[in-house]
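K.L.:
From first to last, the protein sequence lines are chains W and Y.
So the first sequence is residues 196 to 503, counted in our numbering.
So the second sequence is residues 196 to 503, counted in our numbering.
Because the hints were derived from the structure by calculation, they are not lab data.
No false leads were slipped in.
The list makes no distinction among identical chains, and a pair is therefore deemed to hold if it is satisfied within one copy or across any two copies.
Computed cross-link-like contacts, BS3-like style, restricted to lysine-lysine with a CA-CA straight-line distance of at most 30 angstroms:
{"id": "1", "residue 1": "Lys413", "residue 2": "Lys431"}
{"id": "2", "residue 1": "Lys461", "residue 2": "Lys476"}
{"id": "3", "residue 1": "Lys476", "residue 2": "Lys412"}
{"id": "4", "residue 1": "Lys412", "residue 2": "Lys459"}
{"id": "5", "residue 1": "Lys446", "residue 2": "Lys412"}
{"id": "6", "residue 1": "Lys281", "residue 2": "Lys459"}
{"id": "7", "residue 1": "Lys449", "residue 2": "Lys461"}
{"id": "8", "residue 1": "Lys476", "residue 2": "Lys459"}
{"id": "9", "residue 1": "Lys281", "residue 2": "Lys476"}
{"id": "10", "residue 1": "Lys501", "residue 2": "Lys446"}
{"id": "11", "residue 1": "Lys449", "residue 2": "Lys459"}
{"id": "12", "residue 1": "Lys281", "residue 2": "Lys501"}
{"id": "13", "residue 1": "Lys412", "residue 2": "Lys501"}
{"id": "14", "residue 1": "Lys501", "residue 2": "Lys476"}
{"id": "15", "residue 1": "Lys446", "residue 2": "Lys461"}
{"id": "16", "residue 1": "Lys461", "residue 2": "Lys281"}
{"id": "17", "residue 1": "Lys461", "residue 2": "Lys412"}
{"id": "18", "residue 1": "Lys459", "residue 2": "Lys446"}
{"id": "19", "residue 1": "Lys461", "residue 2": "Lys413"}
{"id": "20", "residue 1": "Lys246", "residue 2": "Lys449"}
{"id": "21", "residue 1": "Lys431", "residue 2": "Lys446"}
{"id": "22", "residue 1": "Lys246", "residue 2": "Lys446"}
{"id": "23", "residue 1": "Lys476", "residue 2": "Lys413"}
Every value quoted in this text rests on a predicted model; they were computed, and no experiment measured them.
2 protein chains.
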Amino acid sequence: MVIAIIGSGAMGSLFGGRLKSAGNNVTLVDVWEDHIQTINNNGLIIENPTKRDVIYISACLPGDLQKPPDLMIIFTKTIHTESALKDVQSLISDQTTILTVQNGVGHDRIIARYFDRSKIIHGVTTYPCHILGPGHVRTEEEGTIKIMTLDGRHRQMLSDVDRLFNSAGLNCEITPDVTVAIWEKLAFNAALNGMTTVLRLPVGEIDRVDDGRDLVKKIVDEAVEVANRMDIAISKSRILSTVSMAFRAHKDHKPSMLQDVLSKRKTEVDFINGAIVREAKALGFSVPANETLYRLIKVLEATYLKKE
Amino acid sequence: MVIAIIGSGAMGSLFGGRLKSAGNNVTLVDVWEDHIQTINNNGLIIENPTKRDVIYISACLPGDLQKPPDLMIIFTKTIHTESALKDVQSLISDQTTILTVQNGVGHDRIIARYFDRSKIIHGVTTYPCHILGPGHVRTEEEGTIKIMTLDGRHRQMLSDVDRLFNSAGLNCEITPDVTVAIWEKLAFNAALNGMTTVLRLPVGEIDRVDDGRDLVKKIVDEAVEVANRMDIAISKSRILSTVSMAFRAHKDHKPSMLQDVLSKRKTEVDFINGAIVREAKALGFSVPANETLYRLIKVLEATYLKKE
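Here chain W stands alone, though its shape is the one from the complex (with noise of 0.2 angstroms):
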């Protein structure tokens, strides 16, 4: 199978690495010309915290891309996601399957104007990675994927991805009702990278007071309420225990929407809170938390975006 991986930062060099490693016909797309350079020459570094592997790999700019995927994979932030498919539209045929495991939600509705919706598959996973430097990532554990075709049919292409991540080690699973484990996600990003971000504290300052639980709860509540009325029966009490495990094991944690804030970046917020805001309009209510927070990030945002 020929794989392009559109977006390699770190998420997408891991997964194009592992599947590298295990003897597939992967390219590296990314817009970052000293990764690329750095990926063609020395080979792509991927570490964690007992091994150090270099995996020779080619990488290029998406202009640079010959050969058309059967698979891509897009891994750019979510905010780069129309952008990244229009710089390589001209590869993409009826036989092209892609897939997403971006964050968020409503991204799924930009690639669908691609590729036919038959020809999505769209996930969630929890694989922990951070770039350390061109051609540099580090992963600290192991994560798992979930995945399901967009339109909910099982296909053969499905099962073929999945088998594809397994046999490269990565922990795959066909999910069917994977819109659960999206909003979860989702309800989870909401809570924890909208707080942290507006506040510019690591995730373990929430922790700290009543209100900050507090708010933690009715962010997500909000997020629940949404999504129970699009029929995806999230859990609140399977969010918040994931919580409560993010405020004990990543106390120092500064989540990515965090970082982009703080290196003046525009962050995913419109596909996180924003997305929550957005869906809930359309379903005629209104979600004042969420909002607050979403409008919050906006101003933040808007600070040094507009001043570039």
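Use these hints to put chain Y onto chain W, whose structure you have.
P.N.:
Chain Y alone, transformed into the frame defined by chain W:
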């Protein structure tokens, strides 16, 4: 009239200095020893864009105030109201009138534990003033003071205080519906102080995007709803026009609540957004935007207050 200013930071010093200049017997009371010592040794400097006065006025610690005053003007931060009154409790008699034009809502109930309601004058002021250092304050422009007795009855002492202020060059007026002015300032502060504090950005940054201005409107809307249900006829359009003026004229201003967070001090949020939340709860409804801001600020406070 023997006057004691309880809490002589920027505003207390400005009011005290002006009253002293006009020939009154005034003592500044504060817990900041450097400030007191400097004033006693060198006088109090009050400067504005056109002049600089040095006023010889006595200042002391709360425990050192000897003479029972006829008028106490309380100018501590709202959160320190109760502890300040405790400190001077032994000097409060039936003859003592107390005046508060402090920020926020809710401290009048605290004062009413120490004073008969007929002896309390409350109100609001727009005088801007800040501390430049011990014994040194600066004001940029003139403001207004609006006052009324807490029980709503015209009394001799109300006219006396009004005359006292005006004869010291402080623009005061008796305003029978002063709670309207108090709540309009509260709504203004809830929006601008609350938002700038969470965002840790000056006033003008909120004005950069629709989301910022929309959130201001939402916060003001909620305050208006609370006030109106309490039969306080505050005007949304009047508040929003004051906000617009602040966006234009005070772009770079960091409101006191933000300054408190930047200096890791306890903020007045319990008497601003927190007061709106409490009053709404008492009336049986919710004000989610104010509540979200309130909780975020409580988390921010907790990060530095508990650590000390």
